[in-house]
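Visitor: Chain residues, written in single-letter form:
Number of protein chains: 2
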Amino acid sequence: MKNYFNPSSVAVVGASPDRTGFHLLENVKLTPGVQAYPVNPKYPELAGLPCYPSVSAIPGPVDMAILLVPARFVPQVLQECGEKGVGAVMIQSAGFAETGEDGRLLQEQCLAIARKNGMRLWGPNCMGLVDVTNNRFFTFMHSHITGALASGGNLSLVVQSGMLSAGFLADLATRRGVAVSMACSLGNKMDVDECDVLQVLLDDPSTQAVALYLESLPRGRLFLELAEMADKPVVVLKTGRSASGAKAAMSHTASLAGNARLTDGLLAAAGVGTARDFHQLVDQGRTLALLPDLPAEARVAVLTFSGGAGILSCDLLEDRGLRLAELTQESLRALAELFPPWMPPSNPVDLWPAMEQHGVSETLERAAAIVAEDPGVDLLFMHSFLGAQSSSHNLKGIQDNLKAKGKALAFWSLGLDEPIKLFQQKAIEAGVPLFGELARAVDCVAAASAWRGKNKPAPRPAPSGRPLPEGLPEPEGVWDEQGSKQLLAAWDIPVVRELVAEDLAQAEQAAKDWGWPLVLKGLMPGEVHKTELGLVELGISGPDELAAAWDRLQKVMQGRGKVLVQPQHKPEYELIVGFLRDPQFGPCVMLGMGGVLAELEADVAFEMAPLDQARALAMLDRLRGAGITKGFRKLPPLDREALAGLICRLGDLGASLPGITQIDINPVAVERGAPLALDASVIWEEPA
Amino acid sequence: MKNYFNPSSVAVVGASPDRTGFHLLENVKLTPGVQAYPVNPKYPELAGLPCYPSVSAIPGPVDMAILLVPARFVPQVLQECGEKGVGAVMIQSAGFAETGEDGRLLQEQCLAIARKNGMRLWGPNCMGLVDVTNNRFFTFMHSHITGALASGGNLSLVVQSGMLSAGFLADLATRRGVAVSMACSLGNKMDVDECDVLQVLLDDPSTQAVALYLESLPRGRLFLELAEMADKPVVVLKTGRSASGAKAAMSHTASLAGNARLTDGLLAAAGVGTARDFHQLVDQGRTLALLPDLPAEARVAVLTFSGGAGILSCDLLEDRGLRLAELTQESLRALAELFPPWMPPSNPVDLWPAMEQHGVSETLERAAAIVAEDPGVDLLFMHSFLGAQSSSHNLKGIQDNLKAKGKALAFWSLGLDEPIKLFQQKAIEAGVPLFGELARAVDCVAAASAWRGKNKPAPRPAPSGRPLPEGLPEPEGVWDEQGSKQLLAAWDIPVVRELVAEDLAQAEQAAKDWGWPLVLKGLMPGEVHKTELGLVELGISGPDELAAAWDRLQKVMQGRGKVLVQPQHKPEYELIVGFLRDPQFGPCVMLGMGGVLAELEADVAFEMAPLDQARALAMLDRLRGAGITKGFRKLPPLDREALAGLICRLGDLGASLPGITQIDINPVAVERGAPLALDASVIWEEPA
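Chains as they are written, first to last, in numbering that gives the first Met the number 0: chain A, 0 to 687; chain B, 0 to 687.
All clues given are correct.
Copies of the same chain look alike in the list, so a pair counts if it fits in one copy or across any two.
Calculated pairs, DSS-like style, for lysine-lysine (alpha carbon to alpha carbon, straight line, at most 27 Å): (1) K511 with K569; (2) K529 with K629; (3) K569 with K529.
In short, the hints are calculated from the structure, not lab data.
Because the structure is a prediction, the values reported are computed rather than measured.
Based on the sequences and whatever the hints tell you, model everything.
Guide: Right, here's the structure in full:
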């Protein structure tokens, strides 16, 4: 991969005297420390450099070749690259899998050539690599755009879509005042994908956070493992979520869109931030890059020019789990000296009256200096209207002083166009996240506060690898409830007491042993929807009801299957715990709220399996209904450790037996706080 | 009110040769058709006009006086205004209720003078009125800002906060390319409030939508009644929602923050859009102003330059309840003619290959013309990168053609700074909502699609005014379950069968009559938390259990109270229906999902009472769990009409008996689809 990011020599195949072939060559030629070799049989010379008829004709070694020739010529050029010993090829041309079946076959042909020759392939259908920090522009972007990119950014971007990258970078630079370090456009990802690039960026000293726009995540498990153990925050915008969106993804870059809910759940589990739009992705990424050390539930001091903005800030901060700092008496006394006597300051601090006395710049700097000393403040959220006088704001001084005291700074502004542009540059230089919308500012600060920082999770446990116990049903297919629960019990998952009743008398005996009420379930081979078929009889509270229920079951079952008898439990509420094996993410576990109402509005958390107790407990905290675990109203509190243990053992079970594709434990009853599997279903499919 | 919006003569009290007093006078002087009278005893002449020592000294009549004098002088000036017969006074000075108790008293003193003299008061602590369409700037804003405001907007703003209005308008005009028609800054609202101003704006021909930033909503019921029956869409950002935010609101403009959940619910019921930030409020408002006729679940054609943006658009549209249009074969064939043969077009239409052949402007115009003819399209969502060539985009032509075919247009762009600025102006002139972020564009279009348009709801019913039936408990205080349900039954609300058992034998007889299982409840005077006290015995399934439950109850009750016996129901699920009387909104009803899990994450809808069947049905549809009413899995579908009728009758009950402050029906069991009140509690407080 380093041939892509730091090559000494680059062949530009398809260089030309105008258009994209010209821009690409110019960009490569201007790269410090890079020998550029234009390749095009039509020209003896291009841009003042000797031009070669083919890659083979280049005299020296070639670290990377960038291809900008029509798609149909690509295999031949790849062959030449292979013979030349080029290790890294970047195909920026379009016309591959995104155009249909023929293009897909062409892509496969290319990949085969690369594999045979030990070459890596980046692209096709991409804009290549922009490395602002090191002045490397391996892209056909116009110099209008590359020239406009501001340096000093420490966020790196990975984008799948080609057209978006140039336009988006131009927009960020000229409209938003956002600086990025690197931007990698991956296109169809026939070989090099986000995992390869993420590994490089996580090691890159100029990158402090990585933001990725992805239409697919084929090596999902590896991606999550990298992100989970990374020292830098990672943010993702994953598209192709909707039915119609997934269709468009298929035709655009031939991507396979994953299950959106599973993907979201696993990204959350790995501590990866998620965004729903391009600009939001970048805003979140750059905030994480600039404020990686903000503590959880950060305490915020708001210094504003507008009482209204102060009030709205409070609403938004509280809504996002941040706290308004309680300023010390000392801070309040010091602030009061800036104010006219009729206006006692409090957080949020409406500085307007002070600004009228001392001017805006001086007021901001003096107030910031006071807040910097306050031990109860983690972040200063500063607001200013940027007009003609704002050029005297000493942003760098304010930031340096806060940093020295271990505090963070975020800035929101309204203002006139030109003063804002100048201030954006100041903000980049000072390393201060600057926002134009208040809600966006709070959302991004909250994302930074929610990041785990340097506290990486423990490594994941390995699966125990225990084999399938003896005496269980034939593995292949859908297991019945009884067999499924026997398997769970073998992994020490608590399951409901039950017996198979051969006749009514045995069921009556169960009632004598266990007490009323009882549950009867008819188990028929291959049937999983017992309730829908009338095979579940609940709350049987006496002998007459039992006899009637027994008869009803026999009628439905027509002599096939068996009758399971269980005591009726009265849980406080129900949960669902599951296991699934996903093509992108491998073995995973799921935890969700149960019951009819909860199913209408899915409240679920996911993790990859096997997992440890800490990760299982964190799943519980990610549920929207997490409050229930703390003892809601008069309910006994949930035995969190027991539930987490259950989830871990289920994860180990599924991960240890590769034939299992799915397990549902539905419901897991919670009775007096203890989890108990009342029903379960295992699906086993021998690996092909 | 018309003296504020269209005066012939304006006194500027506190005019001065510099700073705010100068800007205000300049602004008023330049207003067409207005005679400006500066008032300041220090100067014989200001800005070329004779200056008067007092309001009384002004020779002609005065329609409006604007006061920019220190707060302590305001009462005296008001007195003079009253004597002079000025009908409308606008106090732009600060130093009133927002500064504490002294300021509040000063405000009361001013109000008393105004009441005595039949004057209206606007402010204090505000920026006044900006009417861009009619060139009226009754504000101390600098001419830098008023001069920068773009004309041609049809959205009007109402903002409570003073500082925010000038800075915000400047930001909108110079940074965002947003034009507004009027902006009314209300400040402390000691007399004129959002209801007064809303009425004017709803009648103003230059206003097509109204966006309000509010810190309080003191005449909440009137506001909602106005918005509900308005011909124009209304959008609100209501702050002071959080605990800390409400505290800041108290100290800022001495506002009382309402119950955020109730406010949100009633705004939704009245068809008022809600925003969570200033810019989002304006974006939503201007989209509603420009696209008021967009149908519900609008069908959207996406024309884009970026496949990635197309995919993300699909995700976002689906997420917000909009649909991707199915283009006709004819449209697809016509689009294909723009494309190279290797790229068959489909919606979202990635126009890049066509743009490479025909140029961007021509491709957009031709593709838009094709989509304009497609009967399956309601909205064209067009994307373009705006660079050097974008000046040739014929936005007006595209918009006119679509409008002629009854279709709407929304535009998203990335781009370079200068081209975007020019295009913003074009978009204002063409009346096209232009967005810089994709998600914001979709959110706003979805808000426009969700607006009811011209379909106003029927007028609300009057309360029946039925009196309290005879024989019910003493009204005052908390009623017990039995009495509460007797009152509900008198309004034909279905309640569970029940009897008071004097002894165990009577309870046993109930089981014989109704069958097992039974419920026993101990009713003790003044106790409402029966479950928490151990006064509810559920699922009693036989004589032994009954006897044990009876004994337990007697032990808790210690001879006080009575025992209620009910059959145990087995509902599919539970709802909560309630009534409350709110100081801002008057009588209201509430509908929510019941049960333990639902309570953790409140899912509730509100309406003002009395209400009609249509409004009650709409409440049901606003629940997040609304899917349950359609028959989830094997559940019988909810009898929606029966539940809506129950809500209407509860609303009439509460509205007809002014002593009732609160009614909880919790739970309303839904059994075989039919709603049934299982428990209820009425609170009666005689009006003071």
